[in-house]
Amino acid sequence: MEVSTDWYLVLSAVLFAIGAVGLLIRRNPLVMFMCVELMLNAVNITFVAIGTELNDVSGQIAVFFVLVVAAVEVVVGLALVVAINRRRQGATADDISVLRG
Amino acid sequence: MLAQVTSPPVQTPDVVWSALTPLMTLAVGAILLIMFRSIVKRMPAEFDAAITTAIGPATVLGMWIVGGLVGNDVPLADLRDDVSEPVFYIGLIAVLVLSAGFVRSMRIGFDAAFTVGVGLVSFVATVVLWQQHFRPADLSEADLLAGANPGGGPIAAFGTQYGLDGFALVFGGLIALAVVSSALLFDGYLRRERLEGAEMYVLLMLSAAGGLVMVGANDLIVLFLGLETLSIAVYVMAAMHSRRTEALEAGLKYFVLGAFSSAFLLYGMAMVYGATGSLNLLEIRAYLEATILIDDAMLLIGFGMLLVGLGFKVAAVPFHAWTPDVYQGAPTPVVAFMASAVKAAGFAALVRVFYLSFIGFAEDWQPVIYALAVATLLLGSLLAIVQRDAKRMLAYSSISHAGFILVGVQAATGRGVASVVFYAAAYTFLVIGSFGVLTVVSGEGDRATSLDDLNGLNRRNPALAFAFTIFLLGQAGVPLTTGFVAKFEVIGAAVDARSFWLAIIAMIAAVVSAFLYLRIVLSMYLGSADEEAEPISVNPAAAVAIVAALLLTIGFGVVPGPIDQLANDAILAFTG
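From first to last, the protein sequence lines stand for chains E and Y. For the first sequence, the positions run 1 to 101 when this note's numbering is used. For the second sequence, the positions run 1 to 576 when this note's numbering is used.
Errors might be hidden in some of the hints.
[As the list claims (entries may be wrong)] These stretches of chain E come out as covered by chain Y in the derived footprint (C-beta under 8 Å, 3 or more residues):
id, segment
1, 38 to 48
2, 57 to 68
[As the list claims (entries may be wrong)] Over the 10 Å line for every Cβ pair with chain E, so calculated as not near, a few chain Y residues:
id, residue
3, Thr12
4, Val28
5, Ile39
6, Ala77
7, Arg192
8, Ile232
9, Lys253
10, Pro318
11, Gly329
12, Ala448
13, Trp501
14, Ala514
15, Leu526
16, Gln565
Treat the hints as calculated values from the structure; they're not laboratory data. Owing to the predicted nature of the structure, the values given are computational and were not obtained by experimental measurement. Every residue gets a Cβ at the ideal spot worked out from N, C-alpha and C, and that includes glycine.
Please build the complete structure, drawing on both the sequences and the hints.
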């Protein structure tokens with residue numbers, strides 16, 4: 001059985017869905033960041049798969065930019081978590097709910 | 001496997017540096033400020049005052065020099081020829097001296113003054129670029145022969161990846177002005193909250209640089225990079241007041257939902273890439289015009305994902321859930337920037353992608369935007385009524401304004417884009433003014449932001465009450481303010497596109513929110529303030545920002561012609 005591009009696209013769609021659902025149902029901020037990473041990396045698989053299929057280099061180049069952006073996002077996210085944990089130990093997303101209305 | 005991949009030769013893109021000036025000014029300004037501040041933490045008071053005062057003339061000279069570099073000519077050369085050279089240069093020196101005096105009288109900090117200067121220089125660069133390339137109305141025969149572009153087409157600034165056209169320049173100018181007014185509001189706020197430091201200003205300039213990348217992007221990846229530069233800086237700014245739990249919570253919520261939406265946007269880009277084989281907006285357009293897709297499911301999924309991602313950024317219902325919490329928790333001047341520059345950049349990107357590349361598929365995306373617009377208009381105006389907090393209320397009202405802009409977007413006509421440009425320009429100043437007043441009223445720690453705290457504002461500071469009244473009336477769309485003309489334009493565009501029901505819903509939403517704004521105006525004038533409520537004093541820098549927003553709102557409300565002309569010239573990139 002040959003592994004065609006479609007398989008990669010399905011794989012990335014599944015990973016993306018896992019990430020999206022995980023972000024919505026998990027309550028630990030760190031796990032939520034991991035879910036965002038999973039979503040971004042799922043997109044990377046799509047880019048690489050399509051780039052290979054089309055024999056076009058710009059899909060692969062896009063992956064580099066996405067990786068950089070993902071790294072930067074995690075830096076900012078972790079800084080926020082550290083700042084929140086300084087004020088409040090072991091906070092989950094449910095505890096962080098001063099703002100509502 | 002590897003041997004089969006033939007890589008095309010690498011081509012160095014042509015870089016037109018003058019078109020990059022507005023962007024580079026902001027980015028270089030941010031880098032210079034953070035480098036300077038990491039070396040010089042604290043300056044002696046006299047020295048600080050001296051270099052702050054020097055920022056005034058430096059800004060004027062910077063504007064003059066950048067204007068000359070971008071325009072390839074001595075700026076204001078016509079004026080110089082009219083009044084003779086000595087008089088002109090004496091006048092220039094007089095302006096330099098006056099600007100120094102002006103900065104001194106504002107009692108503004110060095111970082112804020114520097115940011116205001118950088119924002120002004122960037123704004124002047126967009127104006128000069130506009131005058132150079134996009135004055136289709138009065139192009140003469142000689143200009144056309146000399147190569148001026150009558151259609152106001154894009155300047156390819158960086159190959160075909162990044163190009164400024166009239167549309168991008170208008171939004172770039174708006175973002176630069178948003179930087180100027182936000183920096184003026186920051187100055188008093190940061191001192192009041194004891195958060196002095198250059199970080200906020202650096203992030204402000206970086207974020208605006210990202211916004212400028214975004215509005216001129218001709219490539220989906222460049223668009224994504226601009227969007228992320230813009231957003232990540234704003235996530236940090238929202239959480240900057242780290243002693244307040246609310247600010248941290250706002251930052252985290254904004255961050256998580258922002259990252260979530262970026263992932264959707266990116267997945268949409270990947271889908272479009274898969275369907276069309278290119279990430280370049282112009283190549284995508286050419287491909288879609290030349291090809292009939294047998295199976296366009298992938299492209300349509302791409303549209304949907306792009307709309308989800310951009311819908312989050314512009315806070316369209318049902319992707320609006322973060323807006324009230326973030327607007328309430330984040331520092332008020334940061335909210336002013338978010339609601340003006342970030343929202344404008346988001347709409348610029350939305351219009352750019354869907355009008356530049358996918359206009360041939362208008363029948364596919366129009367109904368979706370129609371539905372988004374209806375939901376956004378109704379939910380935004382109805383939920384705004386039940387709020388008890390002024391910032392939360394303005395958050396819902398900004399959602400409803402996003403609905404109005406979507407009414408213009410869904411028209412899929414030139415008039416639709418022109419109305420989007422007009423609405424974005426009008427709303428930028430209305431919202432900066434509104435949040436500027438709230439910044440001053442809310443007092444230390446942003447505590448007094450409930451609507452009850454606005455009761456009897458007239459007795460505590462009549463000028464502020466008057467300014468807030470004008471901004472609220474403008475948002476309600478009362479004639480003689482820009483808000484009225486803006487609402488008129490979007491509804492007119494919807495009627496032109498034969499979306500009558502949408503136009504009616506927009507009018508109903510306008511009436512519902514007008515009720516809300518008038519209630520606040522009444523409570524400011526008729527309500528009674530607490531006995532111990534003290535009069536409010538406004539620091540000069542914030543006053544300048546509020547007064548400027550007020551003048552623009554009333555001025556262009558009475559004479560909307562210039563902005564209307566600007567909006568109509570700006571859209572030539574899409575129609576001409």
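| said: Taking the earlier hints as the rules, which of them does this structure contradict? | reply: 8, 9, 11
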